[in-house]
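2 protein chains.
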Amino acid sequence: MTPLTVNWQTFLDQMDQINALSDATPGQNRLVYTPNWVAAQQALIQFGQSIGMQARVDDYGTVYLDLPGQTNAPAIATGSHMDTVANGGRYDGLYGVLGGLHAIATLQQTHGQPKRPLRLISFSEEEGSRFPATFSGSKHYTGLAETTAITDPSGVNFDDARQTAVQQLLTLPGIRHERPALPASFTELHIEQGPRLVQHQAQIGLVTGIVGQRRFTVTVSGTANHAGTTPMDQRHDALQVAVNLIHELAQIAKTLSPTLTFTVGQFDVSPNTANVIPGQVAFTIDCRHTIDGILDQFEMQLTHLTTNRPDHTLTITVDRWVHDRPVQLAEDLCQLNQKLADQLGLTSMQLASGAGHDSMIMSQFVPTTMLFVPSINGISHAPEERTEFADLQTGIKLLTASLHAQAY
Amino acid sequence: MTPLTVNWQTFLDQMDQINALSDATPGQNRLVYTPNWVAAQQALIQFGQSIGMQARVDDYGTVYLDLPGQTNAPAIATGSHMDTVANGGRYDGLYGVLGGLHAIATLQQTHGQPKRPLRLISFSEEEGSRFPATFSGSKHYTGLAETTAITDPSGVNFDDARQTAVQQLLTLPGIRHERPALPASFTELHIEQGPRLVQHQAQIGLVTGIVGQRRFTVTVSGTANHAGTTPMDQRHDALQVAVNLIHELAQIAKTLSPTLTFTVGQFDVSPNTANVIPGQVAFTIDCRHTIDGILDQFEMQLTHLTTNRPDHTLTITVDRWVHDRPVQLAEDLCQLNQKLADQLGLTSMQLASGAGHDSMIMSQFVPTTMLFVPSINGISHAPEERTEFADLQTGIKLLTASLHAQAY
Chain A
696 MTPLTVNWQT
706 FLDQMDQINA
716 LSDATPGQNR
726 LVYTPNWVAA
736 QQALIQFGQS
746 IGMQARVDDY
756 GTVYLDLPGQ
766 TNAPAIATGS
776 HMDTVANGGR
786 YDGLYGVLGG
796 LHAIATLQQT
806 HGQPKRPLRL
816 ISFSEEEGSR
826 FPATFSGSKH
836 YTGLAETTAI
846 TDPSGVNFDD
856 ARQTAVQQLL
866 TLPGIRHERP
876 ALPASFTELH
886 IEQGPRLVQH
896 QAQIGLVTGI
906 VGQRRFTVTV
916 SGTANHAGTT
926 PMDQRHDALQ
936 VAVNLIHELA
946 QIAKTLSPTL
956 TFTVGQFDVS
966 PNTANVIPGQ
976 VAFTIDCRHT
986 IDGILDQFEM
996 QLTHLTTNRP
1006 DHTLTITVDR
1016 WVHDRPVQLA
1026 EDLCQLNQKL
1036 ADQLGLTSMQ
1046 LASGAGHDSM
1056 IMSQFVPTTM
1066 LFVPSINGIS
1076 HAPEERTEFA
1086 DLQTGIKLLT
1096 ASLHAQAY
Chain B
696 MTPLTVNWQT
706 FLDQMDQINA
716 LSDATPGQNR
726 LVYTPNWVAA
736 QQALIQFGQS
746 IGMQARVDDY
756 GTVYLDLPGQ
766 TNAPAIATGS
776 HMDTVANGGR
786 YDGLYGVLGG
796 LHAIATLQQT
806 HGQPKRPLRL
816 ISFSEEEGSR
826 FPATFSGSKH
836 YTGLAETTAI
846 TDPSGVNFDD
856 ARQTAVQQLL
866 TLPGIRHERP
876 ALPASFTELH
886 IEQGPRLVQH
896 QAQIGLVTGI
906 VGQRRFTVTV
916 SGTANHAGTT
926 PMDQRHDALQ
936 VAVNLIHELA
946 QIAKTLSPTL
956 TFTVGQFDVS
966 PNTANVIPGQ
976 VAFTIDCRHT
986 IDGILDQFEM
996 QLTHLTTNRP
1006 DHTLTITVDR
1016 WVHDRPVQLA
1026 EDLCQLNQKL
1036 ADQLGLTSMQ
1046 LASGAGHDSM
1056 IMSQFVPTTM
1066 LFVPSINGIS
1076 HAPEERTEFA
1086 DLQTGIKLLT
1096 ASLHAQAY
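Chains as they are written, first to last, in our numbering: chain A, 696 to 1103; chain B, 696 to 1103.
Read the hints as simulated data drawn from the structure, not as lab findings. Since the model is a prediction, treat every value here as computed from it, not as a measurement. Among the clues, some could well be false.
[Claimed, not checked] Ranges of calculated distance between the beta carbons of each label pair, as one might list FRET restraints:
1) B/D854 with A/T843: 49 to 59 angstroms
2) A/V1013 with B/Q862: 53 to 63 angstroms
3) B/H1007 with A/Q1023: 32 to 42 angstroms
4) B/T1008 with A/Q1045: 26 to 36 angstroms
5) B/N702 with A/P848: 57 to 67 angstroms
6) A/Q896 with B/T1008: 14 to 24 angstroms
7) A/P953 with B/T720: 48 to 58 angstroms
8) B/V1013 with A/Q1023: 44 to 54 angstroms
9) A/N782 with B/D928: 23 to 33 angstroms
[Unchecked claim] Where chain B lies over chain A, by a calculated footprint (3+ residues, C-beta under 8 angstroms):
10) 885–898
11) 939–949
12) 954–960
13) 1034–1046
[To be verified] Facing chain B, according to a computed beta carbon distance under 10 angstroms, are these residues of chain A, among others:
14) Q908
15) R910
16) N920
17) N967
18) A969
19) N970
20) I972
21) I980
22) D981
23) R983
24) I986
25) I989
26) H1076
We put the CB at the ideal spot given by N, CA and C, even for glycine.
Working from the sequences, and respecting the hints, build out all of it.
Okay, structure coming up:
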């Protein structure tokens, strides 16, 4: 096997090649287990095999590419996820996969065989954009939880889609069907998906942790009635109560902490007709913070505001359907990367991630860290998601240095 | 022709007979020009012809049943509309049609031929529940505006549906295809569709006017972004701006007048996903008052709040798509009915209608008045719409007295 020459053009070609595996709609659509997703994981396997990496695929379709070490010590791993959100961008997930591949290829070319095996992981699924489950790839790898009995919007069963896709991946030559042992460390390179690095003119974000997150659905049930004939003091208007509640909660969130994010993203009205007083409103709350106690306080205030109300003709129910605790990433890996960034003369800042990542799952089992590069205008999960090429390069250079320090 | 014996059982049987002309969904569905609507107008024509009334149908399918008078003076008219909202009630519209028929039949049986002709009008359409046009029956009768080039949700053209239905009505024997001259007066008997009569324990509402009404669509355009990674002070959250706006407008409405109704009935969010900051929100405002100046003030405040905003990253547009001025109904007819109600020993109150009615159109051309009977719990436009039988009787008795005073 003739190794490819490692250069930036290879990285850019590989990015283009995999981003071309999307359907005709705007942005990237590489939802888990779809034909484009299968083709993308297959392309990645061939990229790895062409530089002598050993390929494994587990039952969930996560691809593991190992550069063998001089010892059999647990691997030093990097990587991210291959799936996208619907109408997503070119970098979310894929940058960490192909950036990791570029880093390992560079190390191999420059320094030869590492002491410890180097592993690139391309997780099957992180976004939850096809099936109602997130992080199923890293959850399967770590044995955290198995995903069963769910279907996508067109009724396709998760297990059926998964088994078909995995069988397709296993038709490639030289591939093993196996879930490898957990690595000694995991470093995930990712775009920031927010505006902080750009605003602080930092080239690199060293991620100290991932925010805790809670999501609620609040349902206000009143009485639908005629918008013209029902006097104002005799209404049980679910929308007005919902609006007042959101107004108060926004004030509370602001008071609790300036970094507590508070989002009402979904708001559904019934019957949703201009001349009928709304009988029911259901809205979601997404709130995130690095300190779980702040989220506790927010939830207490939400409970306080929605119970023991004087008006018994309206009922309010609160359903909490996401409860992820804040995650602290590995401090020593962060310190190592800080030192390396300083040595490379990079401007950097330490920050918490406001989005969930596979690192959230991995960090429960393996020392884990993340590296962020700036997102132009902070835009992500959209076709407009962009990062300057120089920033993409900087992130990969730091990752390369970090993997070198850990594996050689 | 043998006249039917006029009694309450006949009225109730006729109510049942026409309410049976609905499809299998909950409540009443007798949308204009549908087969059930045609059958209902046909049944009404036969009820009228059986007591010697002369039937006419105009180009819009409005049915006019005349009891000839001793003179050719303009008619004294009563009536309401035959169509319903989707999943509506048994009384909205139909009560005024069959109540009017009962009143005229009673007068004929008790007092013989009137001096002036008595006319029962069953307007083709008032609700706007099939085609995007309201009051098309009374608008056609008064020559106010013609309805053209509109289709129902399944793509059927208004003119095609109208012509087919009118042709079906004209197959009945003894019917004339004609739009009669306007009457000398119009009295519409209707359910209140609100709670005021019940709360004031009044048997009868004497309607002094109909509220003015304006409807707006307010569109707030911000920027959709990631709910976790976008700091609170860098959001252009369309939903939060919309919520604050509604919160302020509700306070303004309350301050302007306790009888100013303010309803946000429709509220649509884009992309409407729990973990995405809303990029756009469009919501409707329905506001009504008897004094146009109050509505002017409300609209000025709305304009003030939505223009010259400090935050130029969000835009707000306001589109006013309904602008109906308040209508004053005929004072002398209201005084006549007040006197008659007092003579009959009825508890009554004078009030403005919060809903639009054909009387709003008729009053622009003909001295017009309305009589309301109580709606149980104020519920209307719903299958649960109810009025006590005693109240239905009371309304018809007062209508009978009023028509007697005007036509004999």
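- Message: Interface hint check: A/N970, Cβ to nearest Cβ on chain B, cutoff 10 angstroms. Holds or violated?
- Response: 5 angstroms, holds
- Does A/Q908 pass the interface check with chain B, least Cβ-Cβ distance below 10 angstroms? With a closest approach of 7 angstroms, the A/Q908 hint holds.
- Query: Can the hint on A/N967 be confirmed by a CB-to-CB distance to chain B that is less than 10 angstroms?
  - Reply: 5 angstroms, holds
- Interface hint for A/R910, Cβ within 10 angstroms of any Cβ on chain B: Given a least distance of 6 angstroms, the restraint on A/R910 holds.
- Report holds or violated for the interface hint on A/R983, using the least CB-CB distance to chain B and a cut-off of 10 angstroms. With Cβ-Cβ at 5 angstroms, under 10 angstroms, it holds.
- Message: Given a cut of 10 angstroms on the nearest C-beta pair, is the interface hint for A/H1076 held or broken against chain B?
- Response: 6 angstroms, holds
- Task: Take a look at whether the Cβ-Cβ distance between B/V1013 and A/Q1023 falls inside 44 to 54 angstroms.
- Result: Holds - the Cβ-Cβ distance for B/V1013 and A/Q1023, about 48 angstroms, lies within 44 to 54 angstroms.
- Query: Is the gap between the beta carbons of A/V1013 and B/Q862 within 53 to 63 angstroms?
  - Reply: Since the Cβ atoms of A/V1013 and B/Q862 sit about 57 angstroms apart, the hinted range of 53 to 63 angstroms holds.
- For the range 23 to 33 angstroms, tell me whether the beta carbons of A/N782 and B/D928 fit it or not. Cβ of A/N782 to Cβ of B/D928: about 27 angstroms, so the range 23 to 33 angstroms holds.
- Task: Please verify that hint: A/I972, Cβ, nearest Cβ of chain B, below 10 angstroms or not.
- Result: 6 angstroms, holds
- Verdict on chain B covering the segment 885–898 of chain A, criterion of 3 CB contacts below 8 angstroms: holds (count 5)
- Query: Against chain B, with CB atoms and a cut of 10 angstroms, does the hint on A/N920 hold up?
  - Reply: Holds. Min distance 7 angstroms.
Taken one by one, the earlier hints fail for this structure at numbers 13, 24, 25, listed in ascending order.
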